[in-house]
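Generate the whole structure from the sequences, applying the supplied hints.
Residue numbers (the numbering used here), protein chains in the order written: chain V, 1 to 479; chain C, 1 to 142.
Read the hints as simulated data drawn from the structure, not as lab findings. Beta carbons are placed, not taken as given, at the ideal position from N, Cα and C, and that holds for glycine. It is possible that part of the hints are untrue.
[Unchecked claim] Straight-line C-alpha distance at most 20 Å; calculated SDA-like pairs for lysine to any residue: (1) Lys122/C / Asp248/V; (2) Lys10/C / Val335/V; (3) Lys122/C / Asn34/C.
[Claimed, not checked] Heads up, incomplete: computed chain C residues facing chain V, CB under 10 Å, no partners named: (4) Met1; (5) Ala8; (6) Gln13; (7) Pro84; (8) Asp86; (9) Arg98; (10) Val105; (11) Ile117; (12) Val121; (13) Arg125; (14) Glu136; (15) Gln138; (16) Leu140.
[What the hints assert, rightly or not] Ranges between beta-carbon positions, derived for each pair: (17) Asp358/V / Glu53/C: 26 to 36 Å; (18) Phe128/C / Ala263/V: 26 to 36 Å; (19) Lys122/C / Pro338/V: 27 to 37 Å; (20) Gly339/V / Ala62/C: 47 to 57 Å.
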Amino acid sequence: MSGGTPTPAALNVAIIGAGPAAFYAAEALFRDGPPTTHVDMFDRLPTPFGLVRHGVAPDHQKIKNVTKSFSQVAADPRFRFFGNVEFGRDLSLDDIRAHYHQVLFATGAQTDRRMNIPGEDLRGSHPATAFVAWYNGHPDFQDCQFDLSQERVAVVGVGNVAVDVARILCLSREEMEQTDMPRHVIEALSQSRVREVHLLGRRGPAQAAFTNPELKELGNLADADLVIRPEEAALDELSRAEVEASGDRMLQRKVDMIAEFAARPPEGKERQLFLRFFVSPVELIGGVSGTVTALKLVRTRLVASESGTLSAEPTGEFETIETGLVFRSVGYRGVPLPGVPFHERWGVILNESGRILDEASNEPLPGMYTSGWIKRGPSGVIGTNKPDSVETVAAMLEDAVSGRTFAPVESARDAYPATLESRGLRCVTFDDWCRIDAVEQAQGAREGRPRAKLTSVAEMLACLDAPAASSSQVASAAG
Amino acid sequence: MKLESILAAKGPQVITTGAGTSISDAIALLAHHNIGAVIVVDPAGAPSGILSERDIIRHLAASDAPAGATVGDWMTSPVTVATPADDVDAVLQTMTARRFRHVPVVERGRLLGMVTIGDLVKAERDDFQGAIESLESQLLDA
Chain V
1 MSGGTPTPAA LNVAIIGAGP AAFYAAEALF RDGPPTTHVD MFDRLPTPFG LVRHGVAPDH
61 QKIKNVTKSF SQVAADPRFR FFGNVEFGRD LSLDDIRAHY HQVLFATGAQ TDRRMNIPGE
121 DLRGSHPATA FVAWYNGHPD FQDCQFDLSQ ERVAVVGVGN VAVDVARILC LSREEMEQTD
181 MPRHVIEALS QSRVREVHLL GRRGPAQAAF TNPELKELGN LADADLVIRP EEAALDELSR
241 AEVEASGDRM LQRKVDMIAE FAARPPEGKE RQLFLRFFVS PVELIGGVSG TVTALKLVRT
301 RLVASESGTL SAEPTGEFET IETGLVFRSV GYRGVPLPGV PFHERWGVIL NESGRILDEA
361 SNEPLPGMYT SGWIKRGPSG VIGTNKPDSV ETVAAMLEDA VSGRTFAPVE SARDAYPATL
421 ESRGLRCVTF DDWCRIDAVE QAQGAREGRP RAKLTSVAEM LACLDAPAAS SSQVASAAG
Chain C
1 MKLESILAAK GPQVITTGAG TSISDAIALL AHHNIGAVIV VDPAGAPSGI LSERDIIRHL
61 AASDAPAGAT VGDWMTSPVT VATPADDVDA VLQTMTARRF RHVPVVERGR LLGMVTIGDL
121 VKAERDDFQG AIESLESQLL DA
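This is the structure we're talking about:
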């Protein structure tokens, strides 16, 4: 037994990250663990909820409802939040070992996958996630510059993120005023000169990852016509057979809707959103200044792999889109954490069903677990993290019973906030977050929208340390 | 959803054997690891076949003697393989239609792992559960 005594007296768990996977894990620990289970959740930002706050599109507020059930988890007296504390900088694995029985890493997929084509790093070519983080007010991305004076934009990919980016670029001022985007983002987007957005899919309509409601939304934008080429909307033989064999009515509905949109004449709206299929980027072409000027594409056709997947194969026929602004959205991967084994090929923490494995022996490392996108890679919707975290928590509780845990100093958890603050850290508690939340919502209410986000850590901390009466002024100053 | 999201949480270990292994040793391997099939690899490490419980039962039913038989004699070869970028839906359909339960996953000839029909069904179930969970939280004000 490498850990301490199985301690029915307490199961103290540290969770790194405060997104959906983290909260679903805390919920499962409280529900299925011993009554003495305690959870301390750490996030590098002062704000909880991860991609619900910084990823989910600002015009999809209903999806953010899930934070209400996360807040109920946080209201459990056995739960503590430590925002503004970064693993690896403020908090080491050794600190955690000394204070907790187990740690769960739920840090998500924080970086973009590369396209691996020439010109990818030219100025004007951005990971779509940077743009998403910017318009969602993520403190680390507020200095990003996107050249919205361009009239034509290319978005590579047709997944949820690509579709969000394309839609946000096409929103009317009125639609933006319903969102929780920071004021400076609304101003920047309102002054955008973008007239054409090209959304580029490598495969066909039957393989597109977006959902039917998302597609319908693209077809009903106030300020943009959705344009689909009839020849790209038509299903090839292989796809038709695949749709039929699947018996999936939603998929059938999707390809029908795409055909209907393709047949619809444009209404002459201010912008055009071109949804393209069977095209794959091969090169970003740069001008003398090192800025992208065009995107070269190869047309593709579908071929069936041995296992039945339809994948795109280049045809040798090329086309070029003149554009100075490209957003790349071809997938995400996790970032390695100090002292935590990582699997380079999958871009996740090395694990088996959530148990972190030793790199040399492939055996589970006692006390160490993972869930969410840093466990399985980026897949599914917010709710998909629930079964994922439940699986990991089942392993944690099984191991806790058999005593395969860290061996912390018994009373250490109580001393924890003091330990952190003695290092000069300003930890943000869940109550603190509730105050930030109230300030943001109050400012939102004044502007007739759900929330006006604070976008810098300094601003957030200032609003906590200011007397209650002046917090609204802080929010106004932020606007 | 792609096969790589299943492999990512399966750990890097894949159980393999060579065509020259005796059937009794292969059976012991299946029992030891509590698995239903073992991938047969050539000296370069590329999958050349698969030996599953069904192969063993078929040969036993035909009164083939396990003594002296090798994995190469009883395996199914060639074996259908997949790549990490293959769609879970499509692979599941192919496995159901062609009635096999294990697929080695390869990339540029290199064996990366194996997915079973159980893995795929679990992934689909979690996907559906996740979608329902998210839809409920949007509909109901928690």
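Structure-based check of each hint:
| no. | hint | in the structure |
| --- | --- | --- |
| 1 | Lys122/C / Asp248/V | holds, 18 Å |
| 2 | Lys10/C / Val335/V | holds, 19 Å |
| 3 | Lys122/C / Asn34/C | holds, 18 Å |
| 4 | Met1 | holds, 5 Å |
| 5 | Ala8 | holds, 4 Å |
| 6 | Gln13 | holds, 5 Å |
| 7 | Pro84 | holds, 8 Å |
| 8 | Asp86 | holds, 4 Å |
| 9 | Arg98 | holds, 9 Å |
| 10 | Val105 | holds, 9 Å |
| 11 | Ile117 | violated, 12 Å |
| 12 | Val121 | violated, 13 Å |
| 13 | Arg125 | holds, 8 Å |
| 14 | Glu136 | holds, 8 Å |
| 15 | Gln138 | holds, 5 Å |
| 16 | Leu140 | holds, 8 Å |
| 17 | Asp358/V / Glu53/C: 26 to 36 Å | holds, 31 Å |
| 18 | Phe128/C / Ala263/V: 26 to 36 Å | holds, 32 Å |
| 19 | Lys122/C / Pro338/V: 27 to 37 Å | holds, 32 Å |
| 20 | Gly339/V / Ala62/C: 47 to 57 Å | holds, 54 Å |
The structure fails to meet hints 11, 12 from the earlier list, while all remaining hints are met.
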